[in-house]
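Protein sequences, first through last, are from chains A and B. The numbering used here numbers the first residue of the first sequence as 1 and each following residue consecutively. The numbering used here numbers the first residue of the second sequence as 1 and each following residue consecutively.
It cannot be assumed that every hint is accurate.
Unchecked claim - DEER-style ranges, computed between Cβ atoms: (1) A:Trp27 - B:Ser177: 21 to 29 Å; (2) A:Thr2 - B:Lys86: 38 to 46 Å; (3) B:Asp15 - A:Trp27: 48 to 56 Å; (4) A:Gly54 - B:Ser177: 21 to 29 Å.
It should be emphasised that the hints constitute simulated quantities derived from the structure, not laboratory data. We treat Cβ as the ideally placed atom computed from N, Cα and C, and that holds for glycine.
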Amino acid sequence: MTCEEFTDRVTDYLEGRVPFGERIGMWMHSIICEHCRRYMEQMRRVVELSDELGERDEREVAGPDSEMKGELLEEFSSRREGE
Amino acid sequence: MDDDSDCLDRLLAGDEEAFSELIDDYHAEMIRVAEAFVDDRSTAEESVQETWTAVIEGLDDFEGRSSLKTWIFSILTNQARKRGEKEAREPNWSELSEEPLDREVTEDANRFNAEGRWSKPPVPWSVDPEEKTLRREMLSVVDEAIDDLPRRQRVVVTMRDVEGWSSDEVCDVLDISNGNQRVLLHRGRKKLRRVLEEVFGDVGGAT
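Could you put the whole structure together from the sequences, leaning on the hints where they help?
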């Protein structure tokens, strides 16, 4: 396995989509190649950072303002009553 | 799924409380997902509002073949997609889905030699993960880098990695294959890694 092939498969690897034999091959490659090991670690960090970003946004992005929510609830009720 | 059908029953019965809970559960997430399709916040908010109206109108026709979440976000995706295409910053979604997916895979190719070994290996990041200011800085770099991704990559990375959806949910809502989804995810993550490397790469410490 070359380094280029290894990097092409990193996401599939993290997704658990690499067949067993090839998985072993990637694992062995990462033992002998520190660059690919670093690449894999950094890709994991990318995923973690995006996840943290989601948590940050969850704290920061508020729900609908009460006026808009009120309108939606009214729309919902009048529609359901009209059934 | 039981929760889902329970919720649906209450919605169909006109239970305002159930609709209120639905809004609380999904509204903010819908805005974040819509923002991956369109250029600005107010357009994203409009798409979300339209989606709620479509949900109210469409409840009777919802057959429960997908989860409520998948149904709601599919409507949102269609609304936001249309608006994003009107803004026409990028070629539209359907054109892009015809694009051969292997074209971009070797964009890091100049970092490998003819034998496929690293000629420009990844540079370590000079980041102390315990350092709060730096962490915040990294987050805002990732935030901006996601905004700069091509739309399909941006949407998939947002749903999978930022919002934490499963690959099945993403494929259902976007109506794409799992393989296709993984390619978009891989390309997006690769670009984010490169941007982080450019900003935080510790060239002096490279081995």
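(request) Mind listing which of the numbered hints don't hold for this structure, in increasing order? (result) Per hint list: zero violations.
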